[in-house]
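Asker: If you're matching them up, the sequences are chains V and A in order.
Going by the working numbering, the first residue of the first sequence is number 1, and it counts up by one from there.
Going by the working numbering, the first residue of the second sequence is number 1, and it counts up by one from there.
Everything labelled a hint here was simulated from the structure, so no lab data went into it.
Careful, some of the hints might be misleading.
Which copy is meant is left open, so a pair is good if it fits within one copy or across any two.
Said to hold, decoys possible - Here are the computed lysine to any residue pairs in the SDA-like style, where the Cα-Cα straight-line distance is at most 25 Å:
1) K389 to F194
2) K233 to D68
3) K233 to N355
4) K233 to T71
5) K233 to V100
6) K389 to A164
7) K233 to G352
8) K389 to P110
9) K233 to R196
10) K389 to H248
11) K389 to D368
12) K389 to I192
Predicted model, so just to flag it, every value in this text is computed and none were measured.
2 protein chains.
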Amino acid sequence: MSTPRISRRGLLGGGAAAAGVAGAFAVGRTTAAAAADASGPTAYAFRGEHQAGIVTPAQDRLHLAAFDVTTDDRDELVSLLRDWTEAAERMTRAEPAGVVGPVEGDPLLPPDDTGEAIGLPASGLTITFGFGPSLFDDRFGLADRRPAALRTLPHFPADALDPARSNGDLCVQACADDPQVAVHAVRNLARIAFGRAAVRWSQLGFGRTSSTSTTQDTPRNLFGFKDGTANVKAEETAALAEHVWVGHNDDAAAAWLVGGSYLCARRINMTIEVWDRQPLVDQELFVGRTKGEGGPLSGGGEFDEPDFDAVTGTSPSVPVDAHVRLVHPDFHGGARMLRRGYNFVDGSDDRGGLNAGLFFIAYVRDPDTHFIPIQNAMARSDALMEYLKTTGSALFAVPPGTADGEYVGQALFT
Amino acid sequence: MSTPRISRRGLLGGGAAAAGVAGAFAVGRTTAAAAADASGPTAYAFRGEHQAGIVTPAQDRLHLAAFDVTTDDRDELVSLLRDWTEAAERMTRAEPAGVVGPVEGDPLLPPDDTGEAIGLPASGLTITFGFGPSLFDDRFGLADRRPAALRTLPHFPADALDPARSNGDLCVQACADDPQVAVHAVRNLARIAFGRAAVRWSQLGFGRTSSTSTTQDTPRNLFGFKDGTANVKAEETAALAEHVWVGHNDDAAAAWLVGGSYLCARRINMTIEVWDRQPLVDQELFVGRTKGEGGPLSGGGEFDEPDFDAVTGTSPSVPVDAHVRLVHPDFHGGARMLRRGYNFVDGSDDRGGLNAGLFFIAYVRDPDTHFIPIQNAMARSDALMEYLKTTGSALFAVPPGTADGEYVGQALFT
């Protein structure tokens, strides 16, 4: 990154811009940055041991896009990843996607930034890149570098997948507290990819449904319930090593993925109009938690562990088909996930209702142990399934963080 | 409104809930409310001379839904408007949609609030109701109350309308600074409508593209340009009376609409990938303003008036097909609009790009003088049209504000 950088702030003519941007935490408009300072940093470093956007405290908004690579040239794929790395690092600093910016340079040329984020602060933007199973076909000479676990996700019971909302060669997860900043990031990465990769599908999420840090409140999904209470959190270093980060001895073919993770994505439509007509007691029995506080039906508060042996009358307090029981680590060899899902509404459906639900994202060390068995148990038996229809599905290997001077995923190509 | 009200805040067990909710500005969680107090009120009164959500300083997020009435019974339509009025007033106070709430009452009954907004503050929520031309057919005995201007919008040049994204008997515009709050509002109004009206189409907007108050910065659309600079603003009382609010002598058939307005909605897809490849100078010539500051090409800053007689070399400084010229009040008998549009991204299109653009909303006193001619001029001649495709269109009459004890639009039925 030896290219000069122009802060978006400079476009506003603020005097502080002339002083330069000293670090990742010193960007953004004064007023917005000052407001954000009270609750946390406004910018996250793009480079580090792990990619940002996994354990980063879940931002409020999501724009995730999957891409198909449209060239068969390995060098062009590498050049795309180089260009994406540079642009992503700039944008997470609230700088324009390109070195010239949206309104500078030669007016006879197209700007190298699209401009809709002029003046907006970094807004906690993270950009996280992943590689889909199809990238490891015969186009780029990567077949022998494919981790065994990186396969197209199986068809789970009751899946109703739309191929146009599933899979992809590459993915870009942009999270930010301002959706305009997340959209700007994906849009500019798509622009940079022109001729090398094209958007296959794209999903906006308007509200986070998980906490990834103990500093965050637990949000609610569109069933009205708290979600992700038992999530692996950024502060649990040992649990992250055990359940989220790929380890040194996990897969001989995938040394390039050590320190990375797997992103499991599922677009789960909720039939919310039917759900809304269920009695409260049934809703709670389906989930296995109370709707108000989110405590397990066996008693206690939100963060108390469910007691699966407890009985109410002659029945288990947490029913045998309750969601919280079926996906609990106790029944899956202790496997936990780091969930990072978002609520979505994509217009209306053909039943006079909303096309709405949960865009589920989980980061796991191994989908074969930490996602597929749990998803199978849920799809087969979960009482919630009556109100769910999964319409999209994808798995990506997320390489580790990018060191100075490197591009994202570089170890895969060397 | 004699029913007891339960604040969403009460569910959190906060001591302040026991003190009751004294007024529209005293709701929400303490921390969020305190944070919001610095920048403005967190709740707007539902009742007043005009409906909220028109001149209200444009909130950051939109969820707008059009409904088809599914009953032919006029009394059921009236009962729906009564129920919607009560629920809307509650929700704009950060109270549950129903008097019982999401987790109280008889657990053997479905909750009368869906719960995903538990604990969230009012977030500046406004809910604005409108009536489409089709409501005035022969079903409800309203044919002779239809204002002459309330007709299905004409097919403009280059329109590519999707009927499933156009028109409707009723509309609900929910704006808030938290999208979860806006979605919650529309979803609960749809739930209440069950058996009486069903969602026809629904649109989320992630970022405002207009300011409706002089206290707000001018935001940017997905062309990267500032939008709505010359908007009618809340502070311009005389201009509002002249251009936005329906007056006493406007239409003999529509006395019920006096103090209301017309909502013109257009879903305008932008071919942003093509736009992004245009030279900066061309982008600016198409718009007629600079991209950075937003000043007219004839010179001056954002809020200086364009000089349409100015020349640069031998050409008009603001080209004859520039957007700012074609829609300027000078060429439309002085007509101005109050714009309230939002950027949207609805996944991807079939060209490897984003399904993105501007959900245009304008409030005008008379669409025949303040919208249709301007839209025709734009559709016929505007240089921007090469990058636009309008895929949805609707017109609604927005009744005036609701007085105490009344329901929204009551004058239409009495």
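Asker: For K389 and H248, with the copy left unspecified, which applies at a CA distance of at most 25 Å: within, between, both, or neither?
Answerer: So K389 and H248 fail the 25 Å test inside a copy (37 Å) and across (51 Å) alike.
Asker: Could you figure out if K233 and V100 sit no more than 25 Å apart (CA to CA) within one copy, between two copies, both or neither?
Answerer: neither (38 Å within a copy, 35 Å between copies)
Asker: I want to check one pair: K233 and N355. Are their C-alpha atoms no more than 25 Å apart within a copy, between two copies, both, or neither?
Answerer: neither (30 Å within a copy, 34 Å between copies)
Asker: Within a copy, between copies, both or neither: which one fits K389 and P110 at a CA-CA cutoff of 25 Å?
Answerer: between (43 Å within a copy, 22 Å between copies)
Asker: Since the copies are identical, ignore which copy is meant and state whether K233 and G352 lie within 25 Å (CA to CA) inside a copy, between copies, both or neither.
Answerer: Neither: 38 Å inside a chain and 35 Å across chains, both beyond 25 Å.
Asker: Within a copy, between copies, both or neither: where do K233 and T71 come within 25 Å Cα-Cα?
Answerer: Cα proximity of K233 and T71: none, with 38 Å in one copy and 50 Å across.
Asker: Please work out whether the CA atoms of K233 and D68 approach to 25 Å or closer within one copy, between two copies, in both situations, or in neither?
Answerer: neither (32 Å within a copy, 45 Å between copies)
Asker: Can you give me the call for K389 and I192, within, between, both or neither, at a CA distance of at most 25 Å?
Answerer: between (34 Å within a copy, 23 Å between copies)
Asker: 25 Å Cα cut-off: does K389 pair with D368 within a copy, between copies, both or neither?
Answerer: Close inside one copy (22 Å), not across copies (45 Å); limit 25 Å.
Asker: Have a look at K389 and A164 and pick one of within, between, both or neither, based on CA distance no larger than 25 Å.
Answerer: Answer is both; intra-copy 16 Å and inter-copy 22 Å each pass.
Asker: For the identical chains here, do K389 and F194 meet the 25 Å Cα criterion within one copy, between copies, both, or neither?
Answerer: between (33 Å within a copy, 21 Å between copies)
Asker: Treating 25 Å as the Cα threshold, decide for K233 and R196: within, between, both or neither.
Answerer: Answer is neither: 36 Å inside a copy and 45 Å across each miss the 25 Å cutoff.
Of the numbered hints given earlier, the model fails hints 2, 3, 4, 5, 7, 9, 10; all others are met.
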